[in-house]
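Protein sequences, first through last, are from chains A and B.
The C-terminal position of the first sequence is numbered 113 in this note's numbering, with every residue numbered one higher than the one before it.
The C-terminal position of the second sequence is numbered 1112 in this note's numbering, with every residue numbered one higher than the one before it.
It is worth saying that the hints were derived from the structure and are not from the lab.
Note that this is a predicted model, so its numbers are computed, not measured.
A hint or two may mislead.
Unchecked claim - Listing some non-contacts, in silico: residues in chain B with all C-beta distances to chain A over 12 Å:
#1 1008
#2 1013
#3 1020
#4 1058
#5 1062
#6 1063
#7 1066
#8 1073
#9 1083
#10 1084
#11 1094
To be verified - With a straight-line cut-off of 25 Å between C-alpha atoms, the simulated PhoX-like cross-links for lysine-lysine are:
#12 B/1041 with A/100
#13 A/52 with A/3
#14 A/52 with A/69
#15 B/1019 with B/1052
#16 B/1022 with B/1041
#17 A/100 with B/1018
#18 A/3 with B/1041
#19 A/3 with A/69
#20 A/100 with B/1022
#21 A/100 with B/1052
#22 B/1019 with A/3
#23 A/52 with A/100
Glycine included, each C-beta is placed from N, C-alpha and C at the ideal position.
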Amino acid sequence: DAKTTQPTSMDCAEGRAANLPCNHSTISGNEYVYWYRQIHSQGPQYIIHGLKNNETNEMASLIITEDRKSSTLILPHATLRDTAVYYCIATIAGGTSYGKLTFGQGTILTVHP
Amino acid sequence: ETGVTQTPRHLVMGMTNKKSLKCEQHLGHNAMYWYKQSAKKPLELMFVYNFKEQTENNSVPSRFSPECPNSSHLFLHLHTLQPEDSALYLCASSPGLAWEQYFGPGTRLTVT
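Next up, chain A with everything else stripped away, as it sits in the complex (with noise of 0.2 Å):
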């Protein structure tokens, strides 16, 4: 898999857009990026993936760069609830490696009111 490198923590307004950056330099073209978070006390929750293109549903865009060595996660409102640690993972496409998800340290987001 490849290293994805996030910044420790951020701070965002209630009702902002939060914008959280990784770093995945070392991507290969049959890595996707996958993005979870996690609530204090919680188990961790899906996000969004993507591979190549923009990505966006109900809870999150995805940004991709055309080198693909970065990406953003953007939370468009984000609300208090959004408090938690994001993580960005990059993970192989086929062989054994499918499910074996690597986290990292991830963000710390922090959403004041």
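Got chain A; can you put chain B on it based on the hints?
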């Protein structure tokens, strides 16, 4: 509510005890996972089961013994644990081996 339940939510056990953690998923998934989250450390994958067959043991000590009697249930049997095994143990499931996984709330284990 993710459709994955874990019991108990909290467990305190002595080093000579034997206990079991239970995970049940109501999502019709075929793959189930155990993860460990120690304080100040990232989540670590422990075991993977697909269609009741173990497909991954991530060098986990034998004092942790998983059991998957069917695709809906996963157990983690614990015996002669060490204080450093105190952690949050998380179960997850997915429809086949996949990276989009649904996690339970975890069992907070304290070994005294």
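Hint check results:
At roughly 15 Å from the closest C-beta of chain A, the C-beta of residue 1008 of chain B stays outside 12 Å, upholding its exclusion from the interface. With a least beta-carbon separation of about 20 Å from chain A, residue 1013 of chain B lies farther than 12 Å from that chain, consistent with its non-interface assignment. Non-interface call for residue 1020 of chain B relative to chain A: holds, since the shortest CB-CB distance, roughly 19 Å, exceeds 12 Å. Residue placement check: residue 1058 of chain B does not keep its beta carbon more than 12 Å from all beta carbons of chain A (closest about 8 Å).
No Cβ of chain A approaches the Cβ of residue 1062 of chain B within 12 Å, the least distance being about 21 Å, so the stated non-interface status holds. No Cβ of chain A approaches the Cβ of residue 1063 of chain B within 12 Å, the least distance being about 22 Å, so the stated non-interface status holds. Against the 12 Å criterion, residue 1066 of chain B stays outside the reach of chain A, whose nearest CB is about 15 Å from its own CB. In this structure residue 1073 of chain B is separated from chain A by more than 12 Å, as the shortest Cβ-Cβ distance comes to about 17 Å.
The non-interface label for residue 1083 of chain B is consistent with chain A: the shortest C-beta to C-beta separation is roughly 21 Å, beyond 12 Å. Residue 1084 of chain B, annotated as away from the interface, keeps every beta carbon of chain A farther than 12 Å; the closest lies near 19 Å. Residue 1094 of chain B, annotated as away from the interface, has a beta carbon of chain A within 12 Å; the closest lies near 6 Å. Pair hint residue 1041 of chain B plus residue 100 of chain A holds up; C-alpha atoms about 17 Å apart against a cutoff of 25 Å.
Among the hinted pairs, residue 52 of chain A with residue 3 of chain A is consistent with the structure: their alpha-carbon atoms are about 17 Å apart, no more than 25 Å. Under the criterion of a C-alpha separation no larger than 25 Å, the hint pairing residue 52 of chain A with residue 69 of chain A is consistent with the structure, at around 11 Å. Proximity of residue 1019 of chain B to residue 1052 of chain B is assessed by CA-CA distance (about 21 Å); at most 25 Å being required, the pair is judged to hold. The straight-line distance between the Cα atoms of residue 1022 of chain B and residue 1041 of chain B is roughly 23 Å, inside the 25 Å bound, and the hint therefore holds.
For the suggested pair residue 100 of chain A and residue 1018 of chain B, the alpha carbons sit about 28 Å apart, so the restraint of at most 25 Å is broken. Between residue 3 of chain A and residue 1041 of chain B, the direct Cα distance comes to roughly 16 Å. Compliance with the 25 Å bound is thereby established for this hinted pair. A threshold of 25 Å between alpha carbons decides the hint, and for residue 3 of chain A with residue 69 of chain A the separation of about 11 Å falls inside it, so the pair holds. Taken as a hint, the residue 100 of chain A and residue 1022 of chain B pair is honoured in the structure, with Cα atoms around 21 Å apart against an allowance of 25 Å.
Between residue 100 of chain A and residue 1052 of chain B, the direct Cα distance comes to roughly 17 Å. Compliance with the 25 Å bound is thereby established for this hinted pair. For a cut-off of 25 Å, the pair hint linking residue 1019 of chain B to residue 3 of chain A is broken: about 36 Å separates their Cα positions. A hinted pair counts as satisfied when its Cα atoms are at most 25 Å apart, and residue 52 of chain A with residue 100 of chain A qualifies at roughly 21 Å.
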